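**Q** Sequences are here, hints too, so could you generate the full structure?
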Amino acid sequence: MLGEIIQTLNPPNVVAGCKIVNPGNTAHYLNAGCFSMVPQTATNTPFCDTARAAKLGSPGFCPNIRGNLARNTILGPGLANVDFSMVKNNHIPRVSEAFNLQFRVELFNALNRANFAQPSLNPNTGGGPMEAIFASGQPNTQFGLITATQIPNRQIQLALKLIW
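Read in the working numbering, the sequence shown has 143 at position 143, and its numbers run on one by one without any break.
Worth flagging that the hints you see were computed from the coordinates, not collected in a lab.
Remember, predicted model here, so these are calculated numbers, not experimental data.
We treat Cβ as the ideally placed atom computed from N, Cα and C, and that holds for glycine.
Among the hints, a few may not be true.
Below 25 Å or equal to it, Euclidean Cα-Cα: the simulated DMTMM-like pairs (lysine to aspartate or glutamate) are [what the hints assert, rightly or not]:
1. Lys55 with Glu131
2. Lys88 with Glu106
3. Lys19 with Glu131
4. Lys161 with Glu106
5. Lys161 with Asp83
6. Lys88 with Asp49
Derived Cβ-Cβ restraints for the label pairs, each shown as a range [to be verified]:
7. Pro46 with Gln118: 32 to 40 Å
8. Asn81 with Ala54: 47 to 55 Å
9. Pro59 with Ala27: 26 to 34 Å
10. Ala117 with Trp164: 40 to 48 Å
11. Glu106 with Asn22: 31 to 39 Å
12. Asn44 with Val82: 48 to 56 Å
13. Arg71 with Ala27: 21 to 29 Å
14. Pro152 with Asn89: 26 to 34 Å
15. Pro23 with Val87: 34 to 42 Å
16. Val95 with Gln118: 48 to 56 Å
**A** Structure representation (structure tokens):
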């Protein structure tokens, strides 16, 4: 079995002292300004694919050299949810011994917390991972947008169940 992974750029460098994640900010949950392409230096010039950099329109960078961004560095907004249910059994022995009228109240997302979805899909193409920086070295302004929530708003469900 053969397999292949195709990507346009290797992982970028992380700018020192920059905060990558902005919790609570749906417009820019991930800060694209915290990422940069690996610049061409005297130490990595022998390994730098300058022809590929010129073809991508990013002279002075090494698109074939991996940056210092580690795997699983960026975590999404997470999920916190509270569901609540209450049941009241009302036995009515006048009708029969087993006659029971059950009343239920169920709350889904009881605290009505907005649980934001992951900012990983590209809104321009409708899918696929998004790049923080373009091949030209410019930051992607659409990077890090959160456009949806993971679960719906609070839902209240009332039920009356007759058991005999």
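**Q** Hint by hint, say whether it matches the structure.
**A** Going down the list of hints, with the structure as the test:
1. Between Lys55 and Glu131 the CA atoms are separated by roughly 18 Å; this keeps the pair inside 25 Å, and the hint holds.
2. Between the alpha carbons of Lys88 and Glu106 the distance comes to roughly 12 Å, so the proposed pair stays at or under 25 Å and holds.
3. Of the supplied pair hints, the one linking Lys19 and Glu131 holds, its CA atoms being roughly 17 Å apart against a limit of 25 Å.
4. Between Lys161 and Glu106 the alpha-carbon distance is near 14 Å, which keeps this suggested pair within the 25 Å criterion.
5. Annotation: proposed proximity of Lys161 to Asp83 holds, straight-line Cα distance about 20 Å (limit 25 Å).
6. About 71 Å separates the Cα atoms of Lys88 and Asp49, which puts this hinted pair outside 25 Å; it is violated.
7. Checked against the hint of 32 to 40 Å, the C-beta distance between Pro46 and Gln118 comes to roughly 39 Å, which is consistent with it.
8. Remark: the range hint 47 to 55 Å for Asn81 to Ala54 is upheld by a beta-carbon distance near 50 Å.
9. Taking the beta carbon of each, Pro59 and Ala27 are about 32 Å apart, inside 26 to 34 Å as hinted.
10. At roughly 45 Å, the beta-carbon separation of Ala117 and Trp164 lies within the given 40 to 48 Å, and the hint holds.
11. At roughly 35 Å, the beta carbons of Glu106 and Asn22 sit within the given window of 31 to 39 Å.
12. At about 51 Å, the beta-carbon gap between Asn44 and Val82 stays in the expected band of 48 to 56 Å.
13. A beta carbon spacing of about 26 Å between Arg71 and Ala27 agrees with the range 21 to 29 Å that was offered as a hint.
14. Distance hint check: the CB atoms of Pro152 and Asn89 are about 29 Å apart, consistent with the given range 26 to 34 Å.
15. Range check, Pro23 to Val87: about 37 Å between beta-carbon atoms, so the 34 to 42 Å window is met.
16. For Val95 and Gln118, the hinted distance range of 48 to 56 Å is satisfied, since their beta carbons lie about 53 Å from each other.
Hint check: a violation occurs at hint 6 only; the rest are consistent with the structure.
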